[in-house]
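Asker: With chain A held as given, fit chain B onto it using these hints.
Sequence lines, in order, name chains A and B.
Note that the numbering used here gives residue 197 to position 197 of the first sequence, counting from 1, and the numbers run on in steps of one.
Note that the numbering used here gives residue 645 to position 138 of the second sequence, counting from 1, and the numbers run on in steps of one.
No wet-lab data here; the hints were simulated from the structure.
Possibly wrong hints are sitting among the right ones.
What the hints assert, rightly or not - Derived DEER-like restraints, expressed as beta-carbon distance ranges:
1) 480(A) / 862(B): 20 to 28 Å
2) 813(B) / 462(A): 39 to 47 Å
3) 476(A) / 799(B): 15 to 23 Å
4) 366(A) / 571(B): 46 to 54 Å
5) 862(B) / 505(A): 43 to 51 Å
6) 403(A) / 799(B): 36 to 44 Å
What the hints assert, rightly or not - Listed next, the stretches of chain A that the computed footprint assigns to chain B, with coverage defined by at least 3 CB atoms under 8 Å from CB atoms of chain B:
7) 271 to 285
8) 410 to 423
9) 432 to 441
10) 477 to 483
Positions of the beta carbon are idealized from the N, C-alpha and C atoms, including for glycine.
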Amino acid sequence: MKLKYSFFPFFIALPLTLSSCCDKQSCQAGKGSDLTSQKATPVAASSDALTIRQSLVRINSTIQVWSASQPWDKSAPKKRRALGALLSGNRVLTTAEMAADATYIELENADNTRIIPAKVTAIDYEANLALLEPDNGDIDSFFEDLVPLSLGSPAKIGDRVDVWQLEDNGMPIVTDAVIQSVDIVSSFANGHFFLTYEAKGSMQSASNSFTVPVIRNGELLGLLSSYDAKDQIIDIIAPEIIHAFISDTADGEYIGFPSLGIAITSTVDPNFRDWLKLSDDVGGLYVTKIRKGSAAQKAGLEKGDVIIEINTKAIGRRGYYSDEQYGRLYWSHLIRGSLKQGDKVELTILRAGEQKTLTATLDRPEEPLVARDTYDQPPLYLIKGGLIFQELTAYYLKAFGKDWQSKAPLNLLDIMMTPEDYEEGRNKIVFLSAVIPTPATTGYERLRNFIADISSLIKAFEQPGPEGLHTIEFAEGPPRTIYLDAKISDFVDTELLKRGIPALSRQ
Amino acid sequence: MFKSLPRFLPIQLASLFFLFIHSANAEPSAGRALAPLETGPNAALPEKTYSSIVRIEVATQVPNYNEPWKAGRFSGGIGTGFLIGPNLFLTNAHVVSNARRLLITMHGAARKHPAKIVFIAHDCDLALLEVDDFTPFMGLHHFQIGGVPKLESQVRVIGYPVGGNRISVTRGVVSRIDFNTYSHSRSDQHLVVQIDAAINPGNSGGPVLQDGKVVGVAFQGLRSADNTGYMIPTPVVRRFLTDIEDGRYDKYVDLGISDFPMFNPAMQKKFGLTPTSPGVLVAAVTPDGPCDGVLQKDDILTAINNNAVDAAGNILIDGEKVNMNEIVERKFSGDQVKLSIIRDGKSMDVVCTLKPFPPSQMYAVQYDVKPRYTTFAGLVLQPLDRNLYSAHNLTNTRVRRLFTHYLDEAIFKERKDIVILTRVLSDPVNTHLSGHVGTAIESINGESVSSLEHAHQLLHPEKLPDFFVIKCEGIERPLVIPGDKAEAASQRTQSSYGITTPANLSH
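Bound-form chain A, shown alone (with noise of 0.2 Å):
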């Protein structure tokens, strides 16, 4: 196949690599919760400004993401400050987004007298929280005046809280704001959707500003994970979050929050209602995926099942439960905040316009066939004489741009929106992701993104067939079939060794 109408006068560019590699990281920072690049205007410190500034810490942290098309790589670093609660046992704690892909994360006091290393000890990419602690330096000379906050207890709507920062010269700044509404939202890790307060203040761009710790009554409440300029609508972390993220680490192993594993929509549409022979008094959610090896899958729920109660609460037709504390919540809170891996919940629901009641013990998913939340995962790859085989991550995709579910290939695009039809036989896709010219991939240059087998891929490789050559065999063609010179594409290895590829595989 030729590109016949894609050339131009004078220049007629072949890219080997993805036409529009956009970096995850630098798409997220510019959602809005950076606010250092607004106008600063300082406000007069409060009563408290020392407690303010001895339960600050500043962290400033390197982030460096993996190349999606050169998966031997690291892309260009970046900085970003934000600003951690100090809680006891000098842990500091932060959004996930801060520690997500780091390669390097100091902490600095509010006087900018004093830095030390940090690790990262638990990180939560869903609920976008992490937990840092000095990793060696004078630890206790850095901790010495400073006074960590305590864990505050959940709010109200109507509640008044304040947002803490610094200056640059160390002078803290208290924004006055208001909860006006509590929902659901998805602040880092797309599709994970965590108890979040919606408050309304005013703040100012200081330093340090990228998240922010949220005070009430002088214990912390949560954590600003957004802030959109324009309607003046500060995004907080709930405490129940916080402190699920926190009592998880307590042991020193961090498992995560629980989920079912299904998918729902809502039973809104009265056709919809009357052919599942729901009647007017219940809502419902109609099931409409269950995760393979999920609690719920465990629990013998079925696709086309009706939840109509979580733990005896009354699920409405859009999914929202009467909550004591907040109102109407969406039903994920039930399990994704409430609970915990191990803890049981119990499911009414209608099959077939009977009701039943089943039992599911929460626990984490298996890992999906298209990794999604590979943040802190450098991309697993092979070469091979110039051939590049990646495993398939929903990071790969989305490196495609904005526009990544038109522009990334096809086949690719189809596995991670349809994995149960894959599933059957693989763990995980290996396909070509790109061909580097050399002598052993000549009229291969084209071959682009066919899914490989992966246990194909490795006995290929472990030795060669026949007259000394490797075969390749794709699930998708044409062709189904290439063969590589053993001699030629080991001698090709050395040489892309030679000249800068770090490894010729990451597994």
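Answerer: Chain B alone, transformed into the frame defined by chain A:
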């Protein structure tokens, strides 16, 4: 030919433009002096000969694939045609596609002669017209069809391009002879000749002359490059004229295979070839295509009708390297071609009987046909084809996949049409269904949908079901329309959305 289609799809042909003036943008640009005509073998035509090159004025009605019940858009334009026999005017198919009225004007005359299409071939962008009354054209010169001009030889383009009303003559040299896409159908590739004569909108259908004979029909240009005009060379014109001799145009035939170049040394070794061996790899054979059962995957195709095929799939004809399909291009339905192959190391000859392959029309732009559709309770169902794909923003991965793999995965065997829910016209019965728009209909009341007619029958059964349950591909939650409310909803949506014809099941 449809062989490389699935891989060709992502490439936009937007930069190709027709040399046909649409009345909407027929603003004359700055006047341009006609190039002086030289004397000698390529001398100016006798003045009278110009009379055989006619201006074609077209009024069109372009079907609306967005709202298929509507009359479509009325527009029109100007093109060129020329006399090649008694009452036989040759022009481009795209000049007269979707025409409602055709008027032919002789050079230097005012009278407009009503004309009609006798034969039209959308796959090679050619059409033959006749005027109702040929008397005024009696005695005019009939152009002879010549051969393929040599590279660098001079040619002259005559027609009625933008910039004035009278005939225009430009000249240039033959820059390239190639196998390339015909943008009229967007799915066909045939021989094209590139020339550097200034050819512009309005030149479409005009003759390209050398030594007084027609060596091509000007038909398209390349927007992103300068002085790049394309003409349909005479082998394609001759084939068209031969095809219609039996009173019917039968379309091009094709082998229906995907080939893969034999450049890779390991590949050559595997198949026992040397770097100089002829032969290209048969990477896939289209199911039910002309070569199904004749060729197999992994055959090496070494010659077609005794023309040696090189490793890239090219053959030598008349001293020019051209794609091996050029042999098949000049054949007709029912003709046989001899294919010399190496299968499992053994040389052998097989014979393929060429035949049309209707499923490949999925990828060809359709003209002169009314869009097919059916409506039901506000749902609009249309069969997937190139026109629909261009008209609607079909981004659903499953739909894109069905479109791309319609031939090679033999989807056409089960599904004559891929029926798409293109629209939901709001009505109380369907207000909650917007998420299903743009997906393919999988089944209706449990029965798999194989065609638009089939869907229509299933939606209009003799005995009304309690519910119409419509399952869309990739969406678990079905569409549910109560049987007893469907007819009233159909009536309501038809009257409120102005749908005078609720269904059109045939072209």
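Asker: Next, verify each hint and record whether it holds.
Answerer: Now for the hints, and whether the structure bears them out:
{"no.": "1", "hint": "480(A) / 862(B): 20 to 28 Å", "in the structure": "holds (26 Å)"}
{"no.": "2", "hint": "813(B) / 462(A): 39 to 47 Å", "in the structure": "holds (44 Å)"}
{"no.": "3", "hint": "476(A) / 799(B): 15 to 23 Å", "in the structure": "holds (19 Å)"}
{"no.": "4", "hint": "366(A) / 571(B): 46 to 54 Å", "in the structure": "holds (49 Å)"}
{"no.": "5", "hint": "862(B) / 505(A): 43 to 51 Å", "in the structure": "holds (48 Å)"}
{"no.": "6", "hint": "403(A) / 799(B): 36 to 44 Å", "in the structure": "holds (37 Å)"}
{"no.": "7", "hint": "271 to 285", "in the structure": "holds (count 4)"}
{"no.": "8", "hint": "410 to 423", "in the structure": "holds (count 6)"}
{"no.": "9", "hint": "432 to 441", "in the structure": "holds (count 3)"}
{"no.": "10", "hint": "477 to 483", "in the structure": "holds (count 7)"}
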